[in-house]
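These protein sequence lines are chains S and H, in that order.
Following my numbering, the numbering of the first sequence begins with -18 at its first residue and continues without gaps.
Following my numbering, the numbering of the second sequence begins with 2 at its first residue and continues without gaps.
Calculated from the structure, these hints are not laboratory results.
These numbers were taken from a predicted model, which means no experiment stands behind them.
One should not assume that every hint holds.
Restricting the straight-line Cα-Cα distance to at most 25 angstroms, the calculated cross-link-like pairs of lysine to aspartate or glutamate (DMTMM-like) are [unchecked claim]: (1) LYS128(H) x ASP98(S); (2) LYS249(H) x GLU153(H); (3) LYS128(H) x GLU153(H); (4) LYS156(H) x ASP144(H); (5) LYS195(H) x GLU159(H); (6) LYS156(H) x ASP98(S).
Derived contacts from chain H toward chain S, CB cut-off under 8 angstroms, selection only [as the list claims (entries may be wrong)]: (7) ILE37; (8) MET41; (9) CYS81; (10) LEU262.
Restraint ranges, calculated between C-beta atoms of paired labels, are given here [said to hold, decoys possible]: (11) ARG65(S) x ILE118(H): 18 to 28 angstroms; (12) ILE31(S) x PRO98(H): 39 to 49 angstroms; (13) ARG65(S) x GLU141(H): 45 to 55 angstroms; (14) GLN45(S) x ARG119(H): 33 to 43 angstroms; (15) VAL99(H) x ILE16(S): 31 to 41 angstroms; (16) ARG42(S) x LEU273(H): 38 to 48 angstroms; (17) GLY47(S) x ARG119(H): 13 to 23 angstroms; (18) ASP39(S) x ILE37(H): 15 to 25 angstroms; (19) SER100(S) x LEU273(H): 42 to 52 angstroms; (20) TRP6(S) x ARG275(H): 22 to 32 angstroms; (21) ILE37(H) x GLN96(S): 30 to 40 angstroms.
Cβ coordinates follow ideal geometry from the N, Cα and C atoms, glycine included.
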Amino acid sequence: MAGAFQNMKKPPVGRSEEDRILRVWTPLLLRTILIVAMIVLVVGLILAAIYTPEYFVDRYRAVQMGHLIGREKFATLANRILQRNPHAFLMIGLFVLTLVPLARVAFCFILFIRQRDWSYVVFTAYVLLGLIAGVLLGRVG
Amino acid sequence: MLLILGSLLALAFGAGFIGSLSGLGGGVFIVPALVIFAHMPMTVAVGASLISVVATSAGASVAFVRDGWTNLKVAMLLECATVTGAVTGAYLAGIVPVIVLELLFAAMMLQSAYFTIRKHGDDILAKGAPLAERLDLSGEIPDEAGNLVHYEVVKVPEGAALMVVAGLMSGLLGIGSGALKVMAMDYIMHLPLKVSSATSNFMIGVTAGAGALVFLARGDVATTIAAPVAIGVTVGALIGSRLLPHIKVNALRTVFVIILLLIAVEMAWRALSRI
Chain S
-18 MAGAFQNMKK
-8 PPVGRSEEDR
2 ILRVWTPLLL
12 RTILIVAMIV
22 LVVGLILAAI
32 YTPEYFVDRY
42 RAVQMGHLIG
52 REKFATLANR
62 ILQRNPHAFL
72 MIGLFVLTLV
82 PLARVAFCFI
92 LFIRQRDWSY
102 VVFTAYVLLG
112 LIAGVLLGRV
122 G
Chain H
2 MLLILGSLLA
12 LAFGAGFIGS
22 LSGLGGGVFI
32 VPALVIFAHM
42 PMTVAVGASL
52 ISVVATSAGA
62 SVAFVRDGWT
72 NLKVAMLLEC
82 ATVTGAVTGA
92 YLAGIVPVIV
102 LELLFAAMML
112 QSAYFTIRKH
122 GDDILAKGAP
132 LAERLDLSGE
142 IPDEAGNLVH
152 YEVVKVPEGA
162 ALMVVAGLMS
172 GLLGIGSGAL
182 KVMAMDYIMH
192 LPLKVSSATS
202 NFMIGVTAGA
212 GALVFLARGD
222 VATTIAAPVA
232 IGVTVGALIG
242 SRLLPHIKVN
252 ALRTVFVIIL
262 LLIAVEMAWR
272 ALSRI
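This is chain S alone, in the form it adopts within the complex:
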């Protein structure tokens, strides 16, 4: 779709407080989350290459055979982080990445509340609940 945006004039950007939330703070936060997630993932891969290269290869082969680790408790993940387990770092990096859409919807939610646009507050709340329901469905399904 990006090709459709070549050689076109920029539309006027709104100057209201709401626009500043959406067009200044949201991109800043989204980029920050993205960069943090990428740094965590790169650090995790470097740690894996240094400390657990055999485990990485074994896991790769196991995944090729369809053997996934499956559901893990968050407490187990936290413990593995404390033990500086590279794969726990990778999992944290992936979780941080998924905060990007959550943060984006949360900003829209704040925006619509400030605009007192209650129909869209309800729509945005539904989307937020849908994202949370996804986590719950994954845990029980």
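Based on these hints, arrange chain H on the given structure of chain S.
Then chain H, alone, in the frame of chain S:
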């Protein structure tokens, strides 16, 4: 380990790069790349792809929102439909037989190929549907001369219905479903193409995020695959978007269509060979 890591990064980089140039997104190319070249199970490829779609859409859509092309109200309204579809699709991806996923993927590749070659001009409406007017979905865009042109929106329920399908396909197949989303907004709801594209870009991350959360919470995301794929696709998409203004994308359109058709044939063949 470095050989495996390098191969995954290279595959993902290529998928992100081609996805960015073609405008179809990395997910369309990384799933078949992982299945065909890295011999990964479909579910693993879908989980890794959903994460990478979230990563790439974050960067792409920021600029469109900042510049004012995204119709936020249309996006939030239709996201109710896509998120419902995506969560359902991601849940079903753990149950649906692989043969069905492969056939659906082949069908989506054909739809993407059609989307890539179709010709279309904006059909801006002066009068919107009553529901669209009640929900204040109209907007303004500048024409060639820089004057603001008002556009209206029609057929909201029909567009939302197709968005449920787009979300379902995203959760099931690990793709952004951007081509389907743009077609729903452009063809059915009569939004201008540029607004449809920007709004679709905004929605893709949220739709894929909904599916990715189901996969992550279920433990269906292999970190050894998803991490290098997310990095590779993001870097590939970033470089692709930087090169985009300097490349004659129209000249590459035929190449993209051939690649999509080859993927469709390969995935359909894989599915049929299981029978």
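Hint check, failures only
Hints 2, 7, 10, 11, 16, 17, 20, 21 not satisfied by this model.
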